[in-house]
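Undergrad: Spelled out from the first residue to the last, the chains are:
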Amino acid sequence: MLKKVVFVLILGFLLGGICATSFAQKTVTVLGVWGGEERDAFLKTLEPFEAATGIKVEFTGTRDLPAVLTTRVAAGNPPDISVLPNPGQMQELAKIGVLVEVGKFLDVGKLGKEYAETWINLGSFKGKLYAIFLSADLKSLVWYSPETFADAGYAVPTSWDELIALSDKIANQGKSPWSIGLESGAASGWPGTDWIEDIMLRITSPEVYDKWVNHEIPWTDAVIKRAWQLFGDIVRNEKYVYGGVATALTANFGEAPNLLFTTPPRAYMHKQATFIKSFILRYNPELVPGKDFSFFPFPSIDAKYGTPALGAADMFAMFNDTPEARALMRYLVTAGAQEIWVAQLGKLSANRRVNPNAYPDDLTRKAADILSTAPTFRFDASDLMPAAVGSGSFWTGILDYVGGEDLDSVLRRIEATAVEAYKG
Amino acid sequence: MTERMNKVLSRGLLHTFIIFIAILWLVPTIGILITSFRPAQDVASSGWWTVVGNIFNQTQFTLRNYRIVLSRLGIGRAFLNSFTITIPSTIIPLAIALFAAYALAWMRFFARTYIFMIMIALLVVPLQMTFIPILRIFNRSNLAGTFPGIWLAHSGYGLPLAVYMLYNFVSGLPKEIFDSASIDGASTFHIFLRIVLPLSVPIIASLIIFQFLWVWNDLLVALIYLGGTPDVAPITVQISSLVGSYGQDWELLTAAVFISIVPSLLIFFGLQRYFVRGILAGSIKG
Amino acid sequence: MQTKKTTPWLYLAPALLVLGFFLVYPSIHTFYLSFFDRGSVRWVGLENYLHAFTNLVMLTAFGNNALWVAVFTTATVFLGLILAVLFDRVKYEIIVKSIIFMHMAISFVSASVIWKFVYAFRPAGASQIGILNAALELFHLPPVPWLIERPWINNLCLIAVGVWVWTGFCMVVLSASYKSIPKQFLEAARVDGAGEWIIFRKVIFPLLMPTVTVLATTMVIFVLKVFDIVYVMTNGNFGTEVIANRMYKEMFQFRNFGRSSAIAVVLLLFVLPMMLLNLRRFKKEGM
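Protein chains in written order, with this note's numbering: chain A, 985 to 1408; chain B, 6 to 291; chain C, 2 to 288.
What you were told as hints is all true, and nothing was included just to trick you.
Just the calculated beta-carbon pair ranges, DEER-fashion:
hint, chain 1, residue 1, chain 2, residue 2, range
1, C, Ser128, B, Asn144, 50 to 60 Å
2, C, Arg151, B, Asn144, 38 to 48 Å
3, A, Ala1036, B, Leu202, 51 to 61 Å
No lab work stands behind these hints: they were computed from the structure. Just so you know, these numbers come straight off a predicted model, no measurement behind them. Beta carbons: idealized from backbone N, C-alpha and C, even for Gly.
Based on the sequences and whatever the hints tell you, model everything.
TA: Spelled out as structure tokens, the structure:
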């Protein structure tokens, strides 16, 4: 009897499995990295599209995107549309010819009006548009608590010297000025790369920054070395960083800002991108953005280079040229779609037409304003470099340097991987 | 008198040791069980054991994690998909492996040694290296995104271990039973069905558990060969989509652990009775 | 056993077909790719192998894999054996067995979440949220940043996670085989007045030896390709890199198919000693 039941069950599973393959329907498959609230926000963004066109979007969100995308592209079975981890990867994929040129069917003239030239260039390979941007994050921010600052009589620093003076002042009172967290699972080290990039933009020209990105100057160059030293002056200074180096290396980047909101505060400043707002609110739901926490721009170092904006973005590229995929790409670049998306999260839109009222609060509006009006904007360098450097030796280099290794040997090692990686 | 004292003492030591080991193994899990009922902000600021001190303070517990996991997962469909993937992916490779192990252990034929060597070598092949060539063929034969495709894939990945362990078990069976059965004129298939299969029950049970867990917990193979659409996505894929791109909401994983672990434990308890003493001894004598 | 010439092949055919397709063919493909550049276009000869054997990170990985093989294998098999034998003597066997075993049923991502709460580090003075550091605090010892304390502590901490997960498997298999030892053997020895330790050494252990060898082989091979624990907990940072994680990075992060393939082939070389060990046994049984 039991045997029969088992047999029928197995047979049922076999048949069910074979029949369950989905029936032909107008669908578009999308691969992304978003989960949880981000996933809900994206699905919500898609609702008007699905309702208007009758096309069903099959979205898969996974943090294993690099593995899944690499495999499916190499095996000739890519999703119709995929989020790409960074522009560096877009370049590589465009080079091997697996991306569909979106400039073919998108109204490039109209895009030129809605997006700054930087964004169009970042999505292009050899003058052809391959990728579009859904949203962006502004990185050049230092988070603090206006109330604590007021109570302690600290002024928001507007230059590097003032920043260091303030750090010294706090440290001399026996407190820790900074909270730094570099741990991020398999991506540990990236928060440190943002520091280096922001400092680079403030001690040298954007042109030299671009040369650094394209490896036209070596990692051992004096200006790069200076950027690391300035970062080291803060992160390796046990008096500056709460818990010292050991805490900086082991603290999760998402939990690091919490130290600003304990009573009494354990630290006073935290450098991080706009998205950290959602982390702050998650751990401290009672805080009010703008009142209990806010940010000031990462201050200028060399006055002549000002305070440029460093950013990163979520980008989409298309792998299969179907009418449904084209329709979705056309939809995602619109201000309307992005207004839904940014309203849900702390993210910013790269589209100029997006109504500022779409942002959930003044703080986010302020960040969006900085992003769109900054005289100099540069994309996150580590995202533009070949992965072996940008998400390889650069990340580990940060951890090794913070861990106490000699700067010259760290830079030499990154340089060695860069020489190979840029070869092609 | 002293002998009895000794006995009591050694029993006491035995129990102490066993309970100590059990607690040692359980502590991390208890920690996560408690954590799964705590709000995220508490988790980041104080250790989980602090709730033990004032266990009756209800405000420090929340069902939020479980509520979100259960509502977001589409849990019924995900469980069904997981079973649809796991059951055939457990049975097929074990059946195939049993036949192969029997032949390797009790038949003499050309290249037998080489085949055995290759089986062991294949244990070390990293799965990640097989994805691209296999998926390429799956594409052409329309197996990508289908359940039969992933059944076959898991069968392939699970086979070397199953063959290896079954071979070792089957080859250790006493030679006499095979000889006497042969003399009685039983066919090889008859011997396989009537003798090898029943005698191998304990090892088959361990392998079922192992393969079941392996497939049940698999995330990457499912993502690659099946994709992540709700129609086919197993529970692991759905769970991984609870976590944000920066790793936020990981505390939902703490609840998900205890939801997804249930079937595996049921399988373990269900097969427990095949581990009892004497199955082998009894049947040899008889 | 007397069989027709074709009979063995009938029994083997399904296994050979499936293995050939899912493992042998991709392995040959990998071997082939290992001689090409990152995009599998240009022939580069042994360049990828040169990298695999000389690169500094790879050398660390070899060392760490050796440590994993030695510590992890010994710990899982030995503990599994002891627990299988001891648990058999108590009435609540099924409960304790389940407790040890159930961690096999936790996926590695979840396991990493669990262990983060064991190894979590906060500076001295702050309230610890990791149980290990809380225990140190209890004895007024300074907290230890477990996962960055190279080279021994962090590697051993990672290995401990593996042991926690896999001991259950070894215990279940050994227990199945222990229970298949006819009870008369043990009782006969006891009647002869042998102590429990002697019985374990002279009766139980020899009888379990084949299973121990099989498990040790399996564990060594598994641990050679250990990846997930390292990937989720440290990603090979702070001197904890292992070979398979390097392969994964080269393949999926850096998309260097040549290098990742060469590393995979190198893994295959390391399994040779295990094959020879098993072959000796295999030949003996074949007599």
